[in-house]
Amino acid sequence: MAGPGQAHQGNDHQTKCYDHASIFSGPVSISGSKGVCGHGYLYFYDTLLCLGIHGTELPIERVFDIPYTYAAIAMGLLTAMYLVTGGYRAVAITDVVQGTVMIFGVGVLLYYIVGSPQVGGLASGFAKLAAIDHKLVEPVGPPGWLPLASLVILTSLGTWGLPQMVQKFYAIKDEASIKPATIVATVFALVITTGAYFTGSLTRLFFDKVPVDPATGSPNPDLIIPQIMMNNLPEWGVTLLLLLVLSASMSTLASLVLVSSSAVSMDLLQSLFPKLTERQKVAHMRILCALFIALSVALTMAKPAIILSLMAISWGTVAGAFLAPYLFGLFWPGATAKGAWIASLTGLSIPLIAAYFIKLDPGMLPTAGSAAMLVPLLVLPVISMVTEKLPGKHLEQIFGIGTTSKILVKNKKVEQV
Amino acid sequence: MKGIFLTLFVGLLLFCGLYCMRRAKTVNEFFLGGRTVGPWLSAFAFGTTYFSAVIFIGYAGKWALALGFQPFGLL
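One line per chain: the protein sequences are A and B, in this order.
Numbering-wise, the first sequence is residues 1 to 417 according to the working numbering.
Numbering-wise, the second sequence is residues 1 to 75 according to the working numbering.
Hints in this document: simulated from the structure, not taken from any laboratory.
Just so you know, these numbers come straight off a predicted model, no measurement behind them.
Among the hints, a few may not be true.
[Unchecked claim] Taking lysine-lysine and the DSS-like style, the derived pairs with C-alpha atoms no more than 30 Å apart in a straight line are:
(1) A:173 <-> A:275
(2) A:303 <-> A:209
(3) A:173 <-> B:2
(4) B:2 <-> A:281
(5) A:359 <-> A:209
(6) A:275 <-> B:25
(7) A:303 <-> A:173
(8) A:209 <-> A:128
(9) A:393 <-> A:338
[Claimed, not checked] Here are the in silico distance ranges between beta carbons for each label pair:
(10) A:382 <-> B:5: 53 to 61 Å
(11) B:11 <-> A:230: 21 to 29 Å
(12) B:7 <-> A:349: 24 to 32 Å
(13) B:15 <-> A:400: 39 to 47 Å
(14) A:273 <-> B:23: 44 to 52 Å
(15) A:363 <-> B:15: 25 to 33 Å
(16) A:280 <-> B:23: 17 to 25 Å
(17) A:396 <-> B:23: 14 to 22 Å
(18) B:15 <-> A:392: 24 to 32 Å
(19) A:273 <-> B:6: 41 to 49 Å
(20) A:303 <-> B:4: 48 to 56 Å
(21) B:23 <-> A:361: 34 to 42 Å
(22) B:2 <-> A:77: 18 to 26 Å
(23) A:400 <-> B:6: 30 to 38 Å
Quick reminder that beta carbons are idealized off the backbone N, C-alpha and C, glycines included.
Work out the full structure: start from the sequences and follow the hints.
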């Protein structure tokens with residue numbers, strides 16, 4: 001699990017970078033064309049927005065017997081209320097509340113699942129799983145290394161490239177806070193992933209095969225956890241898990257919406273209308289936050305086919321488009337505008353080509369997603385070597401005095417070659 | 001029981017929003033919490049943003065059923 005520390009360590013110039021532009025300043029300050037980037041990728045963000053709410057429908061409908069439409073609207077309204085009023089600080093404080101609910105929820109879920117008659121305690125659970133198929137308890141299971149490695153790259157490295165994750169680093173108080181934050185976030189991640197995967201691994205003892213959805217008549221893996229919850233937990237536990245699902249969903253949604261609204265208000269609107277007052281800008285952000293939440297609730301309920309299929313690749317696509325420009329933009333003064341753009345477009349196109357032109361097997365999509373993150377890391381330096389450098393004045397502004405002389409030397413070397 | 005849990009949860013979230021409202025008057029404050037967000041808040045914000053409901057419902061169901069215990073080898 002990637003701790004949030006690495007991308008931040010040992011430098012202070014991201015602070016300076018921020019002072020010049022918005023969160024999208026990674027690729028944007030390099031490209032010098034503020035706004036286009038954030039706006040252009042917004043479409044993929046919409047699909048990520050759905051990912052925020054996605055997954056709540058079945059537990060709410062089947063387990064808690066609330067019509068999903070009402071629940072989704074209520075969830076959107078609640079998120080909008082604290083996000084629009086309090087901004088990021090409110091989001092962060094509610095995240096502590098929601099994170100605590102998630103930790104307790106996972107504990108309760110594990111306690112009741114491990115203690116259920118189907119599992120009968122930890123040792124007995126492992127023995128029963130091994131009896132079904134010994135490969136299930138081996139470190140590398142049936143599908144092999146490549147899908148697994150891809151999934152790990154996608155889920156860990158991806159956090160460095162996703163704007164809603166990077167935003168947290170711009171907001172943190174100082175460098176000294178990074179270390180304790182890394183530890184807390186890592187422990188939190190370990191608890192949640194262990195809980196989720198542990199539960200998932202034990203589901204084999206509850207179901208021989210994927211349960212069939214009575215509504216559609218086809219097997220649906222999303223039914224597994226809700227059905228186990230319903231059958232094995234007491235009423236208060238089920239309520240806590242409803243709050244867990246809502247918490248997980250709302251916290252992701254709030255952060256995605258906040259960053260989306262910044263892409264429009266800070267990058268697009270500000271470059272179109274540079275004379276806006278501070279009050280107007282904040283008002284715009286608030287309105288945009290509300291609009292984006294409404295949009296994501298509407299999209300989740302309408303479920304257009306294109307959104308559902310884009311959702312599978314949105315994580316890798318967004319992370320792939322931003323990772324290389326962010327990393328090199330922060331740490332390497334030699335990165336150029338063209339290098340950043342071409343790397344970003346490479347990251348954007350790899351999953352799209354894999355999913356729509358080659359029509360890759362869905363099981364291979366994580367591999368395409370991790371390629372979308374790794375390939376641009378090579379593309380950006382290579383293109384930067386052969387394209388026009390950024391003006392020295394701009395670099396001094398971003399990286400501080402003293403960087404330009406080094407760059408000029410580098411430039412000469414490149415030119416001589 | 002259900003009612004108490006839900007009311008407490010909703011109440012806390014709404015209170016957070018209102019409590020922070022007077023400190024969200026500029027873009028810097030609204031979007032970045034004035035760049036004064038401490039380690040605990042940042043860590044929870046990072047962690048909860050990362051995990052959506054999908055990990056509990058979708059991935060725990062689908063991935064783990066197919067992959068077994070292998071994700072633990074890499075934790």
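Hint check results:
| no. | hint | result |
| --- | --- | --- |
| 1 | A:173 <-> A:275 | holds (29 Å) |
| 2 | A:303 <-> A:209 | holds (26 Å) |
| 3 | A:173 <-> B:2 | violated (38 Å) |
| 4 | B:2 <-> A:281 | violated (40 Å) |
| 5 | A:359 <-> A:209 | holds (27 Å) |
| 6 | A:275 <-> B:25 | holds (18 Å) |
| 7 | A:303 <-> A:173 | violated (39 Å) |
| 8 | A:209 <-> A:128 | holds (16 Å) |
| 9 | A:393 <-> A:338 | holds (18 Å) |
| 10 | A:382 <-> B:5: 53 to 61 Å | holds (55 Å) |
| 11 | B:11 <-> A:230: 21 to 29 Å | holds (27 Å) |
| 12 | B:7 <-> A:349: 24 to 32 Å | violated (48 Å) |
| 13 | B:15 <-> A:400: 39 to 47 Å | holds (42 Å) |
| 14 | A:273 <-> B:23: 44 to 52 Å | violated (26 Å) |
| 15 | A:363 <-> B:15: 25 to 33 Å | violated (45 Å) |
| 16 | A:280 <-> B:23: 17 to 25 Å | holds (19 Å) |
| 17 | A:396 <-> B:23: 14 to 22 Å | violated (34 Å) |
| 18 | B:15 <-> A:392: 24 to 32 Å | violated (50 Å) |
| 19 | A:273 <-> B:6: 41 to 49 Å | holds (42 Å) |
| 20 | A:303 <-> B:4: 48 to 56 Å | violated (33 Å) |
| 21 | B:23 <-> A:361: 34 to 42 Å | violated (50 Å) |
| 22 | B:2 <-> A:77: 18 to 26 Å | holds (19 Å) |
| 23 | A:400 <-> B:6: 30 to 38 Å | violated (51 Å) |
In summary, the numbered hints that this structure violates are 3, 4, 7, 12, 14, 15, 17, 18, 20, 21, 23.
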